[in-house]
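Q: For this one, chain A is given, so just place chain B on it according to the hints.
Protein chains: 2
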Amino acid sequence: MSVQNAEQQTVNSIAGLIEQANTKAIETMLTGDPVLVDVVPAVEAIPELASGNTILHAGPPIEWQRMCGPMRGAVAGIAVFEGWADNLDDAFKKAEAGEFNFQPNHHYRAVGPMTGMTTKSQPLMVVHNRTFDNYAYCAINEGLGKVMRFGGNDAGVLKRLAWLRDTLAPMMTDALAQCDGIGLKNLIARGLTMGDEMHQRNVACSGLLLRELAPLMALVSKDNASLSEALKFMGGNDQFFLNVGMATGKALMDPVRDIEHSTIVTAMCRNGTDFGIRVSGLGDQWFTAPVEMPEGLYFAGFTEADANPDMGNAEWSIPGMDYLGVPTGIDIRKVVEVGMTPTINTGIAHKEPGIGQVGAGVVRAPMKCFNDALRAFAMQEGVA
Amino acid sequence: MSVQNAEQQTVNSIAGLIEQANTKAIETMLTGDPVLVDVVPAVEAIPELASGNTILHAGPPIEWQRMCGPMRGAVAGIAVFEGWADNLDDAFKKAEAGEFNFQPNHHYRAVGPMTGMTTKSQPLMVVHNRTFDNYAYCAINEGLGKVMRFGGNDAGVLKRLAWLRDTLAPMMTDALAQCDGIGLKNLIARGLTMGDEMHQRNVACSGLLLRELAPLMALVSKDNASLSEALKFMGGNDQFFLNVGMATGKALMDPVRDIEHSTIVTAMCRNGTDFGIRVSGLGDQWFTAPVEMPEGLYFAGFTEADANPDMGNAEWSIPGMDYLGVPTGIDIRKVVEVGMTPTINTGIAHKEPGIGQVGAGVVRAPMKCFNDALRAFAMQEGVA
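If you read the protein sequences in the order shown, they are chains A and B.
Okay, so the first sequence: first residue is 1 according to the numbering used here, each after it adds one.
Okay, so the second sequence: first residue is 1 according to the numbering used here, each after it adds one.
Do not rely on the hints blindly, as some may be mistaken.
[Claimed, not checked] Partner residues are not named here, just some residues of chain B that face chain A (Cβ under 8 angstroms, in silico):
id	residue
1	Ala204
2	Leu208
3	Ala214
4	Ser221
5	Ala360
If you're looking for bench data, these hints aren't it; they were derived computationally from the structure.
All of these numbers come straight from a predicted model, not from anything done at the bench.
C-beta: ideal position from N, C-alpha, C; glycine also.
Isolated chain A, as found in the complex:
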């Protein structure tokens, strides 16, 4: 056998292994059974949050010095919220002095929209993937505008976070204890037919979830003024389901990690500075590139000059394809082959800390992540 033939045989045999691995990856995604089962203080779900002023953030790993404006704003706000700083100025100083331990949500089975702050006392919604018995976590959505996930950090933002923690979350916890969890697979299927796409448009799923939760919350309520306030908050927040959808994506994708020879992307996420992807067959490595600027429509009074480059997590994609199935699985080989990276629709944060959301738009994942990942994959498989 010539050297050339031997090489070709190696390539063919690896192609077969990849095919098998990717089939397993897709089956793993499609057979997942995500169920909303609980709402718990973050430290219960993630014991590592108990100490060291640990702050989980959106996207791939990043240090304070490289964080964008809105993420710095969110960090300062959440530090005040957790009592690690007396005020925002103090929080900025402590961040500069290295007093906070920054880690990606993704390293702790968690996700979070935009800045994605997760700290010990925040309530996390728990999605259980019953097929593979893994759990994923996400905080409760705060609504639109001046909110922490877009870098908002004033007294109103912190007050809302406290209300989520002290009032809404315990009610959701008690409500979910009254049932065997709320199945999300069918609920999302129905929401998709009603026009939701699980990121900018969640009004249908938010309503469908409220239909399930409201009767249970009424059963456990001890104080109907709070119950009314909770139902009004959930009913008035078209994005309430976004964070449930994100935890669902995480719960579905985590079992797809670490399938040997698989080229399927298991996470795509951003932190406002870097965009990062992980690939099933490439373990815990992150492949990063600078995030791109979203093309968007801006709220009154704001323009592209105010916008921060894109950030957040996006693990579930929804096409406007008339009743065709949702495309499942992103293969780094195909991304590089066709030269087209996934499109992400997203909110837009003001680039300065403390201001919040100023628009919504569309952004592309940077090609560099996929090129680098494919090169690393080829090296690993010995075909570079």
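A: Positioned in the frame of chain A, the structure of chain B alone reads:
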């Protein structure tokens, strides 16, 4: 001037009057502002229900002898419900003996789906058209399957009606008293973009309405077990909004009645025997024809042989036209000219009394109604 020219001039002048009248009719429809403002016992909304064992029904006027099976079943059930008969057999005997006073809902600013039973103690939802200060009424939707609107009349059906009257309705009354009404124009606009069509598919509007009502119901609830049950009923009934939508249609169309020279249809409705239309420029007259059989999909165990001809009310039409505006106004001239009557999607009742819904499908309005109406219109205008 020749006789021919004079005739032509008359026709032209009448055409102009019709054009003006129809423009006013369409403007009246489009400028309506329907708001859900109250839920009241039917006798409060319609004092004529107080005496004479009066039963309002769907569609144009009809006497007991000509009523279809499911409408007879519903009549017997509602008579027991109101205490006018000891049991269903007794109710049938009393109906035969002429002891009930049958009137169309449409004669009393009311509407009702399928059999459309309206009697004194049932709760009616009240929709106020704020632009023209008129009110329209419809009972609360019972859900699917064995329900009175499809002719169901057993103990379970009557028990549900009693629960609607004694538990859900007072809670909705108290809830609506906490706000300035729930605006339906925008709510419906949003529901349409989420795939609702206001007859077979009301899941979006049902959810959107629950989002408004649930916080208010929590505020006024004195008993959270009942509140939970009420929220569960509303959240579990995808058709909850149907009856709100019908009252909305009635509230929007009643101000269109009695516009001189207008050829616009102001009501299309059926009672399982006759289909009837009313035309703006033709006053209170009904133009009727035998109803047609729906072409439908049947629930397990039922076939077309079980089906009753079509009945009910349908005053709001929703096309599957991708984001084009909803067609507004049915002109009897155009119906006759193009030879195509409106299509109605509808539930299908079992033809025997007492059984209920057995399917859902599509049916056409009969052409005879429109031919007769156009002939009457031409007579009235002196151009026949």
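Q: Looking back at the numbered hints, which does the structure fail to meet, lowest number first?
A: 5
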